[in-house]
Every structure is written in structure tokens, then in C-alpha cells.
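J.: Protein chains in written order, with this note's numbering: chain W, 1 to 461; chain U, 1 to 461.
Keep in mind that a hint or two might mislead.
What the hints assert, rightly or not - Computed footprint of chain W on chain U; a stretch qualifies when at least three of its residues, placed anywhere within it, have a C-beta under 8 Å from a C-beta of chain W:
1) 106-117
2) 153-164
3) 186-195
These are calculated hints, taken from the structure and not from any lab test.
Just so it is clear, the structure is predicted and the values come from calculations on it, not from any experiment.
Beta carbons are placed, not taken as given, at the ideal position from N, Cα and C, and that holds for glycine.
There are 2 protein chains.
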Amino acid sequence: MARRFLLPSAIFFFCFTASAQDLAEQYQPTADKLIDAALADNDGYNRLAYLCYRIGNRLSGSAALDRAIAWSVEQMKAAGLSNVRTIPVKVPHWVRGSESARMVEPLDKPLHMLGLGMSVATPPGGITAPVVAVSDFDELQQLGRDNVKGKIVLYNEVYHGYGPTVVYRRAGPSRAAALGAVAVLVRSVTPLAMQIPHTGELDYQDDAPRIPAAAVSPEDAIMIARLCAGGVPVRVHLEMSAHMEPDADSANVIGEIPGREHPEEVVVIGGHIDSWDVGQGAQDDGGSIMACLQAVALMKKLGLEPRRTIRVAFWVNEENGGRGGEAYRDFVGDRINDQVAAIEMDGGAETPVGFGAVVDQPSLDLLRQAARLLERIGATEITTGGGGEDIAPLMRDGVPGLAERTTGAHYFDWHHTEADTLDKITLDDFRKNTAALAVMSYVLADMPGRLTPADGVRRTR
Amino acid sequence: MARRFLLPSAIFFFCFTASAQDLAEQYQPTADKLIDAALADNDGYNRLAYLCYRIGNRLSGSAALDRAIAWSVEQMKAAGLSNVRTIPVKVPHWVRGSESARMVEPLDKPLHMLGLGMSVATPPGGITAPVVAVSDFDELQQLGRDNVKGKIVLYNEVYHGYGPTVVYRRAGPSRAAALGAVAVLVRSVTPLAMQIPHTGELDYQDDAPRIPAAAVSPEDAIMIARLCAGGVPVRVHLEMSAHMEPDADSANVIGEIPGREHPEEVVVIGGHIDSWDVGQGAQDDGGSIMACLQAVALMKKLGLEPRRTIRVAFWVNEENGGRGGEAYRDFVGDRINDQVAAIEMDGGAETPVGFGAVVDQPSLDLLRQAARLLERIGATEITTGGGGEDIAPLMRDGVPGLAERTTGAHYFDWHHTEADTLDKITLDDFRKNTAALAVMSYVLADMPGRLTPADGVRRTR
Numbered sequence: 001m002a003r004r005f006l007l008p009s010a011i012f013f014f015c016f017t018a019s020a021q022d023l024a025e026q027y028q029p030t031a032d033k034l035i036d037a038a039l040a041d042n043d044g045y046n047r048l049a050y051l052c053y054r055i056g057n058r059l060s061g062s063a064a065l066d067r068a069i070a071w072s073v074e075q076m077k078a079a080g081l082s083n084v085r086t087i088p089v090k091v092p093h094w095v096r097g098s099e100s101a102r103m104v105e106p107l108d109k110p111l112h113m114l115g116l117g118m119s120v121a122t123p124p125g126g127i128t129a130p131v132v133a134v135s136d137f138d139e140l141q142q143l144g145r146d147n148v149k150g151k152i153v154l155y156n157e158v159y160h161g162y163g164p165t166v167v168y169r170r171a172g173p174s175r176a177a178a179l180g181a182v183a184v185l186v187r188s189v190t191p192l193a194m195q196i197p198h199t200g201e202l203d204y205q206d207d208a209p210r211i212p213a214a215a216v217s218p219e220d221a222i223m224i225a226r227l228c229a230g231g232v233p234v235r236v237h238l239e240m241s242a243h244m245e246p247d248a249d250s251a252n253v254i255g256e257i258p259g260r261e262h263p264e265e266v267v268v269i270g271g272h273i274d275s276w277d278v279g280q281g282a283q284d285d286g287g288s289i290m291a292c293l294q295a296v297a298l299m300k301k302l303g304l305e306p307r308r309t310i311r312v313a314f315w316v317n318e319e320n321g322g323r324g325g326e327a328y329r330d331f332v333g334d335r336i337n338d339q340v341a342a343i344e345m346d347g348g349a350e351t352p353v354g355f356g357a358v359v360d361q362p363s364l365d366l367l368r369q370a371a372r373l374l375e376r377i378g379a380t381e382i383t384t385g386g387g388g389e390d391i392a393p394l395m396r397d398g399v400p401g402l403a404e405r406t407t408g409a410h411y412f413d414w415h416h417t418e419a420d421t422l423d424k425i426t427l428d429d430f431r432k433n434t435a436a437l438a439v440m441s442y443v444l445a446d447m448p449g450r451l452t453p454a455d456g457v458r459r460t461r
Numbered sequence: 001m002a003r004r005f006l007l008p009s010a011i012f013f014f015c016f017t018a019s020a021q022d023l024a025e026q027y028q029p030t031a032d033k034l035i036d037a038a039l040a041d042n043d044g045y046n047r048l049a050y051l052c053y054r055i056g057n058r059l060s061g062s063a064a065l066d067r068a069i070a071w072s073v074e075q076m077k078a079a080g081l082s083n084v085r086t087i088p089v090k091v092p093h094w095v096r097g098s099e100s101a102r103m104v105e106p107l108d109k110p111l112h113m114l115g116l117g118m119s120v121a122t123p124p125g126g127i128t129a130p131v132v133a134v135s136d137f138d139e140l141q142q143l144g145r146d147n148v149k150g151k152i153v154l155y156n157e158v159y160h161g162y163g164p165t166v167v168y169r170r171a172g173p174s175r176a177a178a179l180g181a182v183a184v185l186v187r188s189v190t191p192l193a194m195q196i197p198h199t200g201e202l203d204y205q206d207d208a209p210r211i212p213a214a215a216v217s218p219e220d221a222i223m224i225a226r227l228c229a230g231g232v233p234v235r236v237h238l239e240m241s242a243h244m245e246p247d248a249d250s251a252n253v254i255g256e257i258p259g260r261e262h263p264e265e266v267v268v269i270g271g272h273i274d275s276w277d278v279g280q281g282a283q284d285d286g287g288s289i290m291a292c293l294q295a296v297a298l299m300k301k302l303g304l305e306p307r308r309t310i311r312v313a314f315w316v317n318e319e320n321g322g323r324g325g326e327a328y329r330d331f332v333g334d335r336i337n338d339q340v341a342a343i344e345m346d347g348g349a350e351t352p353v354g355f356g357a358v359v360d361q362p363s364l365d366l367l368r369q370a371a372r373l374l375e376r377i378g379a380t381e382i383t384t385g386g387g388g389e390d391i392a393p394l395m396r397d398g399v400p401g402l403a404e405r406t407t408g409a410h411y412f413d414w415h416h417t418e419a420d421t422l423d424k425i426t427l428d429d430f431r432k433n434t435a436a437l438a439v440m441s442y443v444l445a446d447m448p449g450r451l452t453p454a455d456g457v458r459r460t461r
């Protein structure tokens, strides 16, 4: 996930006719069938293995993404879903090209780097410049233009949670450029130092020059910062050929189990099909889309037909543009009031713990009752906050949003790296995530009532 | 450490005139002075930082090793040690050269590899061949020559402790070559999968062709093995230009605090100055040699003069030959009976827990009393087994050997990789290791009695 979207401020209420106890009692047999099926399932994990090992990572605009989309259409059809189709999306097409960085003073030493997504290139032949290291933006401002101009700025921000730390990756390049820096290095945004760089998107501001920027491993950042702190001059050579191609044709992929009573009303469940161009996009976000697909495939296999339509969506371009989510909102158009709920999974497929949702207290209590159906797999937590980049456009217009949540014990060890690979997702965790998604989406799609926002008004366009 | 030397079988007895209680009582004030000094010390860690960041990794035969040796002589002199000198050692000079591996079928994908130390090169242009994956030697034998000939063998042995797993890295190449394999890939010997390969030495046998061999990341090994298990043909292209240069001139470095009563009797304390040609050789073994030096430097600073000589030794070529340890044995020559004890530290500089030693039960009890002096830093464990590659030649000839031990919680996450860097050693742990080494070596050098082997006879050459 790109994790720009963290805590939507909109608050919705849960309106529901049956009592919580009724809900749990009514759905326990169906929930158990779904959980039994998920915990015995191999098809979902085998699909994930194919995505990771035979298709691989899949950045917007890449040939691998095209293959992933075509393959996903086949897989949804093979799972027996209805109305399988693609929704065309024009996506930004950033190409990393060749890249490298070396410390050339006081010692010649290759650095462990990955250019930041959407970065510009260095001039041909690269940039060689002295490095100034800062721990945060305050230190940068204290240095001022005189000490930053012509330099490469290293942000050696210690990881203290993804949200507070990732601002250096996003805003750091333009903040340094505004003071005359020629390039930026960012300590990888991760709690684990294993000499592996973590990429991710930067956000250039219009009022500063666009300068090349790359992530370096925590080890390299710590080394350079210590040398600088000791008064040792450090110079780095950075060479990047990153560039933008014209926007590329791409697509969201969707498929459905049509509702038996209200086919026009939709619970959408999904994650993003694109990934960064490193690793295999397993935790981010292949495991999620494969678990969502398998959750619905198991309903189909069990002959379950919920009251409303359940739609699986593989959104595109979550990582560097969010255009898939916007295109999906456009696709929904004026049928926005029929979107009963949107569940996004984009925090990895470690052991599931429950769901995050943005609802008031009585509705949270109601969801907690529903989550009791997941006691067997320990995914009973309902917390406030939720949603995600892909369903943000829906939530903005009043659709209740949920996020599937896991322990997230190691997610940011692997996030946006070569180490985001299939082996990081255990079969057991994958099955539990499938079970959690299947039960929650089925209940939301089948229960007599439906979720409505706090003020009772859908904010349609 | 190369970790060929694990549990020496020789058993020695501790002969000591004073009671255990006397020992603890007698040395507590001196031990506390040493511990106080070590826990407040910055000089040792600053030296380690210089070694890691300004000299870097230092494989036998490399220019960096020459710099490390010359710098170590300076540092021992600056610390006030006496008789600082180098002991010439001819070392093997293996050069990695350029190297790479790609999976070319079913998908074109670079692999995360490091050639194994002492491997031969591939033919110019590399080798492209189908891969057969095995979990262990039994599976290899079951495949037989018909299924191995002309193939690249992948050992996908799951890590189950370093000793049992490293045999695939050491013996795997020749075992596969004997069945006609053209190259070998070995899953990195580590409990942690972070897409980083771990190098280390292989052992070619005389009765099999010498074929090129490389470590791959656990992730790549798991991927290839899963593809093979699913019947998917996998082909890999391996290209390595590794080669041997003529043996190079190198050296052990030693320095001393001469004993006040028996300067001819020596307690030697050290680790190895060479490292693999990746990372910074911080945990393996820079932290150890810098802690040993600082332990003795602090005695000097405090004006402590033990009864016998304490000698610091930085042995060379531990990783791929063990010639430093052998040269040191030759240097000792017929003065072997004067070697009171040898303490090696080569298991990293995580939090110290105590020492391993090969002595009988009464002597273990005595050492445990001595180790009570280290209660303040929690390093009171005395266990059976100890020694190490560098002091093995001394122990073989009857010198009592000890190994400083730590928690080793993450040692094999970093071992022989790019991630073996300064940041993996905390200042606090470095200080505690310095304290443990200082107290134990001082007591062994100062106590009235001395260690003797079980049979009371030194096995001199």
C-alpha cells in the first residue's frame, strides 16, 4: 500500500433492524461453512504463488501488470464469478531504468539504494556532491540554504511508525530542493536494518525544483550520518536514469456473485493489483487480492447466494497515482447509493485480527457482534479507522468503508522491497484472511439492513 | 567466524591453590574497576567504527586487510601495549570478481546471490542449465547421476542451526559434482529470509571436479524449489569470474601487557582480523578484536599489572584457511607450556552471557566462581565446549581454551553478509563484552595457580 490514506474523518452510522445477538445467531452456521472451507483451501494460495512466481512484480505501465490483469480475468471466470470485466484506467508510467549510488569519500563503497518512485533522473553521468545529513526537517531548516545549496541531503530519520516517518520520503525531496540541494537520499522507512532499501512514492511540490531522490538502506544512512557527525567529509555519486513514459492503458478487474434479492446493491471487496517494481508484491498487495478472490470463490463453491451482490475488485495504480480507485468511483457513477460497503485489504496478509471501520459507537458494537463469528480464527477486533487508498473515493462520497486488519508484525520489514515475496505469507495466515473476508463480506451483503452514514445522507456527486 | 571448529574433545583440569570463594573475594575490587571503566568507555567503540567505516571488509589478500593490519599496530601502540609486532603469515588470496545469477525460465528474474568463498569461476560467458532442487543429501543420492548430470543442483536445506546446515555449503559442491552437476546453488545458511545472500567457504574434495558454487537468498531458493516441485522447468544462468591469486603476504598482530612475576607465561586473548568481502566484518569479527584490545587497554589505563603476560592477538585468515592460527602456534614453538590459557571471541558482540570452556566438573565450578565477578553485567554462564578456529592449534597441543559467549540472538541473520555492519553492535553490548573479556583474562593471568590439562601433560610437538 502507498499509505497516504490513513484515518478518514467521515463518520458513518450503522442502521440495522435485527439485534446484534440475532446477527451472530443467524449467521453462525454459514460462517462456519465458510471458515471450514477457507481453512482447508489450497486454490487461493496456489493462485498467489502463480502471481508471485510466474508473473512477478507489476508496476503501473509494465508488461507484467498487463499479464496480471489478463490472468486475473481468467481466474475470476474460472472461479465461476459473473460479470467478470475490466474497467479501463489510464495509469502513469514511471520507469526506474538503471541506477546506482556510491560513497566516494572517505571510502569508495557501493551504497544499497533504490530510487524513489516518480523520481526524476540525474543528469547523464550522475551527480557527485558532498552530503549533509539531518535527522529531521528542523535540522534541515537550521542548516539553511548556505549549508544545503549544491549538496546531497541525507534524511537519517529513525523509524518511529510508518505514518510519521514516511513524510521524509514523500516531502523530503522538495523540502531539500527548496534550499538548493541537488539530490536527496532517504533512510529507508522501516524498523528493520538488513541492508535492503525500501522504495515508495515521493511527492514533488510545484514550488521547488525536481531533484533526483533515492532510498538507501538504514545501514548506509547510519554510516553516512555518523561520518558526517564526526566531521568526516562524505561525498556520494548518484546516478539514476528514471523517467516518465506517456500514460499507459491499464484496468481494474472486477467479478461478482449477483445478489439474490438486490443485485443492484453491492458490497465491494478488494485490494490493488499493481505493486512496486521490486520483490513480488506478495504482502503488498498480492496476498490481499488473492484472498479476496478466494473468499468469494468459496461462496460460489458452497452455493451461497447473498441478498446483495458481492463484487471482487482488483484496483490498479494504488502505489503511484491512485487512478484505479478514482476510475472505479467513476464507474459506479450515480449508482453510489447502491454501494452498501467497501472492504479494502492493503496491510499485508499476516495473521488477521479483525477489521477497522469508521462508524459511531453503536455501530462499532454491532460490528463487534458480527466479528464474533470469527472467534475460531481470532479475528474479532473491530477498531475505529479504516478504508484505504482504493476505496477513499467511494468513502468520500458516503460509502461505508472497512479495512481488513492483521497483526502487521513484520509488514514494514518487507514493504516495497525485494523481500516482499511469497514465502512471507504462510498458508495458514492466507487461509485465515480468506475466512475473515468471506464471513464479513457475506454478512454485510446478506443481512436484512444495510450501513448508512451518520447523517443519513449520501454525498453523491 | 568460519565455524569449522565447534566442540574440541580435549578435556582439561583446573589446578588452583586458592578456594573458589577466595578467588571471587580477592578479585572483586579489581573486577569492579575494570567493569566501571569498560561501561564508561567510548574509545573501543570509536576504534570499531573506524575499522568498519574507514577500512571496511578485509578478506585475506585484500588491500583493506593490509590497511587494517597497519592500523591495528598503530592502535595497539597508542593503547600503550608492549612488544607490539606482526607475525608474518602467507594467506590464500581468493578474488570474487564479477558474478551474477538469473533465473531464465520460467521467468527472467535476477537472483540474489553471492559466490561461495574459494569457488572456481564459471567458463567465460557463464553456465545456463536446468536446475534440480533437493532438500538434503538423501534426496540428491536418490536422484542419482542420471538426473543430476549436466544440471545445476540447488540445496534448499531449511536452516536448523548453523552446524547441521552449513554442511550443505561446505560439502554440497563436491557431492553434486561427483554426480555430474555443472554448478551448485546453496540456500543461504540463515534463519532469516530478507532477500540477502550469505557467503562462506566451501570445501572442495579431491575426488570430484571443482564446479562453481554460489549462495542464493532463502527467498530465491524457496521459489526455485517450489517451482521444481510443481513440475515447472527452471533454468538458471550463472556467471562467476572468481579465481585464486598467488598466496599473499599478511600477518597476525599482537601486543602485550608483560607479566609482573612471570612475563614468560601468557594468557592470549583475541579474534580474527580478516573478514569476508561483504559488509564491514563488524560482528564477524571486528567487534571481538576491538573489545579484546580495549579490555587490555583499560588494564593499562588503570595501571593493572597482572602476574603473567596478557597478549592480545588479531589472527589473520580465519575465514578461508586458518593460517593465522597455525602461524601463531608456530610462533609459540616450544614455549607452548607457557601458554596459560587462550580466549577466543568469534561469535559476535551481542549481549555477553559468559564463557565456554573445555574443563572437568571441578574446574567448571571454579570458573563459575570466577564468573560471579561478572554478575553486574549478567555474563556469569560457564558452559562446556569452547575454543575456536584460531586457537584450535594451541588447544590441540594442550593449551586450555575458552570462548567468550553472547546471546547470539541475531548473529546468523547477519553472518557473512552485507548486513554485518557497525550498527548491529550496540555501544552497551560492546562495553559489556569489553568488561567480560577484561575481567576473565585478568583473573586467569593474575591468579596464583594456572590451568593445566586433565592428564597433567602438555602435548608439545
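J.: All hints are to be evaluated individually against the structure, with a verdict given for each.
T.: Hint check:
{"no.": "1", "hint": "106-117", "result": "holds (count 4)"}
{"no.": "2", "hint": "153-164", "result": "violated (count 0)"}
{"no.": "3", "hint": "186-195", "result": "holds (count 4)"}
Against the hints set out earlier in the document, a violation occurs for number 2 only.
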